[in-house]
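Trainee: Listed below, chain by chain, are the residues.
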Amino acid sequence: MTINNIKELLGAQVLCGNENLSKDVHSACGSDMMSDVLAYVKDQAVLLTGLVNAQVIRTAEMMDMLCVVFVRSKQPSKEMLDLAEECGIAVMTTPLRMYDACGLLYSNGLTGNGIPNV
Amino acid sequence: MSDTLTFHFDVDGENFTSAGQASVQVKKNLRQLGFDPETIRRVSIAMYEGEINMVIHAGGGTADVTVDDGCIEIVLSDTGPGIANIEQAMQEGFSTAPDNIRTLGFGAGMGLPNMKRYTDYMHIDSVVGEGTTITMKVNY
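Heads up: the sequence lines are chains A and B, in that order.
The numbers in the working numbering rise by one with no breaks, and the one at position 117 of the first sequence is 117.
With positions in the second sequence counted from 1, the corresponding number in the working numbering is that position plus 1000.
If you are wondering where the hints come from, they were derived from the structure by calculation, not from laboratory data.
The reader is advised that the hints may include incorrect statements.
With a straight-line Cα cutoff of 30 Å, these simulated BS3-like cross-link-like pairs (lysine-lysine) come out [to be verified]:
| id | chain 1 | residue 1 | chain 2 | residue 2 |
| --- | --- | --- | --- | --- |
| 1 | A | 74 | A | 23 |
| 2 | A | 42 | B | 1116 |
| 3 | A | 7 | B | 1137 |
| 4 | A | 42 | A | 7 |
| 5 | A | 7 | A | 23 |
| 6 | A | 78 | B | 1137 |
| 7 | B | 1116 | B | 1028 |
| 8 | B | 1116 | B | 1137 |
| 9 | A | 42 | A | 78 |
| 10 | A | 74 | A | 7 |
| 11 | B | 1028 | A | 42 |
| 12 | A | 42 | B | 1137 |
| 13 | A | 23 | A | 42 |
| 14 | A | 74 | B | 1116 |
| 15 | A | 7 | A | 78 |
| 16 | B | 1137 | A | 23 |
| 17 | B | 1137 | B | 1028 |
| 18 | A | 74 | A | 42 |
| 19 | A | 78 | A | 23 |
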């Protein structure tokens, strides 16, 4: 799935990083807890979140992600978008809620890594 | 790599928004030095968690990164309140972070365990009321 496919499936608005739209991604994760993203995520290129602060972008950067999707029409600040531009991360916002956004992407083939944490 | 490289950063404790800047810079430096992505990721995540910890708990501190033959060492030092019970602090889910930190996406008690998870060596030297120094090493 490309990042542009994600945009279309989620009816999302791209706020920065248009140059990433044609890039392919193979898995995603959804979380409002950045520590969990840092702990458990591996090779997921897309982060869906309802949390809006600069640490979301930095966390995505640490995990080498290509795209951050804000759910429930949340709007990142200009400062966050500047940071994302600098890191080469595409940022979009969707009116969908977290569960629906994740479900749509999953049912269209963009899964997580499938590894349970016990 | 024959020469030892060192990077020093002051971590501002006043501003949560800027937390992580040093780690982002280290990541850039390691990328420029041609390190493999997995090593870069391990170093930058461990350091990032440590930076966040210093901002949340200790009012900032310093970060020193040394790139040596076969090993990258990260030393994070602060003069904060110290860690009363290190064993407890190392347990996943144990946190003393205030509630407002949780609304920022941190404070879930994953910081120190994550730092250990991503490094080959980690040592915590802490004195209550004086401060904490954490030394981490990532072999490459």
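Trainee: Identify every previously stated hint that the structure contradicts and give their numbers, smallest first.
Mentor: Hints 3, 6, 14 and 16 contradicted; others consistent.
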